[in-house]
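**Student:** Okay, here's what each chain looks like letter by letter:
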Amino acid sequence: MGLGQLTELSDGMNLLELRKLITQENINLYAEASRDFNPIHIDGDFARQTPLGGTIAHGMLILAYISEMMTVAFGQNWLTGGKLNVRFKNPARPGDTITVSGRISKIESNEGQTLIRCDVLCENQSGDSVITGEASVRAEKRA
Amino acid sequence: MPEKQRIEYSQLEAGYEFSPSSYQLDSSIVTAYLKAVEDTSGLYQDNTLMPPMVIAAYAMASLSETICLPSGTIHVSQEFEFIGAASTRDTFISYARVIRKQSRGKFHLLIVNFNVINQNQKTVLAGKTSFILPEYSEDT
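Note that the protein sequences, when read in sequence, are chains A and B. Our numbering puts the first residue of the first sequence at 433, with every later residue one more than the last. Our numbering puts the first residue of the second sequence at 17, with every later residue one more than the last.
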């Protein structure tokens, strides 16, 4: 789905889903890339002694997956007119497969601008919500 | 990014402004980020644009390097607004400010707003991050 097809968008339309396997290697790479070295993410010995019982992925890593889904759907408009408002519900752990999905909840048009609101969800393989919330993107409407 | 002096959670109050943090995200950083998040979007492949979440991640890292949060702190919610596209040629300055600090029984809520501008003083992204600090005592 690209912006050129804005006129084809409609309420209830699903965005292209992403599926990501969480590995400790990915988490370690993300820690390096983002400079977030909180031991709950990268130190198994430390993490096992916490109530979480083991390492968890950075919430911002999972948010990056939502951002990727929105980029695939809306292209550069996401970079200049995107909004995210989410809650972290459950941690994602190494070995989890995270399904990232989105559904257009409302399309509002006003004076040549279109605001597309989407419900977004990240779930693990057991169907537990990891992240829930809303993403929206503002774009110039094409004729 | 030089190491900063950290402020304790107990010293924070609504209105507190963290020291601004300046950084650049060169192509090697962006490439490492894209690899970590397994993002193969064609949009970033010529290194002209960068994913907004890498800027957000660095804004969050700047914040976490400045504040001492007790262990057990949970990142509960996050808002971002992506306002301007950014490239590896840009320099960013991240500003952060406590907008709410509240206690409810043993639980403490901390909400921080942040804003990232580029070298032309244009806002690239804005955000709001919320933490819950469970079982935290001001005496600890």
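Keep in mind that the hints were calculated from the coordinates and are not lab data. Note that the structure is predicted; figures quoted are calculated from it, not measured. Hints are not guaranteed to be accurate.
Computed footprint of chain B on chain A; a stretch qualifies when at least three of its residues, placed anywhere within it, have a C-beta under 8 Å from a C-beta of chain B [said to hold, decoys possible]:
| id | stretch |
| --- | --- |
| 1 | 466-480 |
| 2 | 496-508 |
| 3 | 531-543 |
| 4 | 551-562 |
Once the Cα atoms are required to be at most 20 Å apart in a straight line, the calculated SDA-like pairs of lysine to any residue come out as [what the hints assert, rightly or not]:
| id | chain 1 | residue 1 | chain 2 | residue 2 |
| --- | --- | --- | --- | --- |
| 5 | A | 515 | B | 129 |
| 6 | B | 51 | A | 527 |
| 7 | A | 521 | B | 88 |
| 8 | B | 138 | B | 97 |
| 9 | A | 515 | B | 123 |
| 10 | B | 144 | A | 519 |
| 11 | B | 117 | B | 51 |
| 12 | A | 521 | B | 150 |
| 13 | B | 144 | B | 131 |
| 14 | B | 144 | B | 48 |
| 15 | B | 138 | B | 65 |
| 16 | B | 51 | A | 469 |
| 17 | B | 51 | A | 461 |
| 18 | B | 51 | A | 515 |
| 19 | A | 515 | B | 149 |
| 20 | A | 521 | B | 106 |
| 21 | B | 51 | B | 40 |
| 22 | B | 117 | B | 127 |
| 23 | B | 117 | B | 148 |
| 24 | B | 51 | A | 460 |
| 25 | B | 117 | B | 87 |
| 26 | B | 122 | B | 149 |
| 27 | B | 122 | A | 482 |
| 28 | A | 521 | A | 558 |
| 29 | B | 117 | B | 27 |
| 30 | B | 51 | A | 526 |
| 31 | A | 538 | A | 448 |
| 32 | A | 538 | B | 87 |
| 33 | A | 521 | B | 123 |
| 34 | A | 515 | B | 27 |
| 35 | B | 144 | A | 517 |
| 36 | B | 138 | B | 111 |
| 37 | B | 144 | B | 134 |
Each residue gets a CB set at the ideal place from its N, CA and C atoms; glycine is no exception.
**Student:** Could you tell me which of the numbered hints above are not met by this structure, giving the numbers in increasing order?
**Tutor:** 3, 4, 9, 11, 14, 18, 19, 20, 32, 34
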